[in-house]
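Student: Sequence:
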Amino acid sequence: MPDDSPESKLYKKGGPFFSEVIERGDMTISKNMKAYELTLEELFPRKLTDTVCINIHDVREVWVATLMCAEYLDSFVDSIIVRDDDFKPIGIVGGFELLDHLRENPTRDYQYRTRVGEIMLKGVPLIEKKTKLRDLMEIWKNSRRAFSIILNEFGDCSTISARRMIEVGTKCQTSISISSMPKKKIVTFRRDDSLGEILDLMYENKMRKLLLEESNQFISDRLILGEISKMLRFQTDIDHFLDISANQFRLENAEAITEDLKFNQICSIMERMDHPFVVYKDTVFTPWDVCLTLLSEDLTMPPEVALDT
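If you count the sequence shown from 1, you need to add 27 to reach this note's numbering.
No lab work stands behind these hints: they were computed from the structure. Here the structure is a predicted model, which is why all the values come from computation and not from measurement. Check before you lean on any hint, since a few could be wrong.
Unchecked claim - DEER-style ranges, computed between Cβ atoms: (1) Ile296 <-> Asn132: 37 to 47 Å; (2) Glu145 <-> Met60: 37 to 47 Å; (3) Leu269 <-> Glu145: 11 to 21 Å; (4) Asp113 <-> Met60: 53 to 63 Å; (5) Glu231 <-> Arg73: 20 to 30 Å.
From the three backbone atoms N, C-alpha and C, an ideal C-beta is built for every residue, glycine too.
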């Protein structure tokens, strides 16, 4: 019986190569179109598959994935592909899985005893070069994970994440400004909060970043995993991570905006940030908000635009 699963398309026994090769064309947009109507190959005609995936073996310990995600979350990669002994992709692991595992098993011992395959999100979020932007956003909304992989011409797979959509936003023509976008509740934490309290806020509010109260500083899943990784390696006296005070975590600065900037201007600011996060009055703007805004009827791509030139 032939295996028609998404995973089978990414695997051929004997090594890390795939059953399909993608050819890239030199494509441009020939007329004004709604951004969401365009396919990925139309949006990224030359660099769609340039971001190669990062892999981890399913039997590696969780602390290894913690170290890797501290490096790649919030970037063009954002999640890690989990592979089995035959190099077959079988799942993904990111900040959500790692921190959720930490909430349930907050001791150092569990980080070293638990295998990545035990906590990963099973399945491969495979899309195609002809997937339209609106269909990709629908997939991400349903899965609540802004991350997919696509077959590439190098015999491997490449990644597409919310970070990549910021580039799309910079090229859009629109009258949408930040004041006209749906407002999001700002969720804050205090410097004397414990890590357990911070993680509860993140999961209860489905947020990857929280603002420090009365400031523009924030904490994120990537920053938390970075500090946990350091503690695992260099602070052997710490065993129960949920009791750690927020004072021990490095924070980043959000970009505070005072002008009512257009959507493409906001995206241009975010594109330059290592940890894209914008604050405007009583609301915040993240890469996920960029994704949702790209579904607007009032967003078009001008003619002859190739995003990755």
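Student: Next step is simple, just say for each hint if it's right about the structure.
Tutor: The hints, checked one at a time:
1. In this structure, Ile296 and Asn132 meet the distance hint of 37 to 47 Å, their C-beta atoms being roughly 38 Å apart.
2. The hint said 37 to 47 Å for the Cβ distance between Glu145 and Met60, and at roughly 45 Å that hint holds.
3. Between Leu269 and Glu145 the C-beta distance comes to about 20 Å, which sits within the given range of 11 to 21 Å.
4. A C-beta distance of roughly 42 Å is found between Asp113 and Met60, which places it outside the suggested range of 53 to 63 Å.
5. Evaluation of the 20 to 30 Å hint for Glu231 and Arg73 yields a failure: the beta carbon distance comes to about 42 Å.
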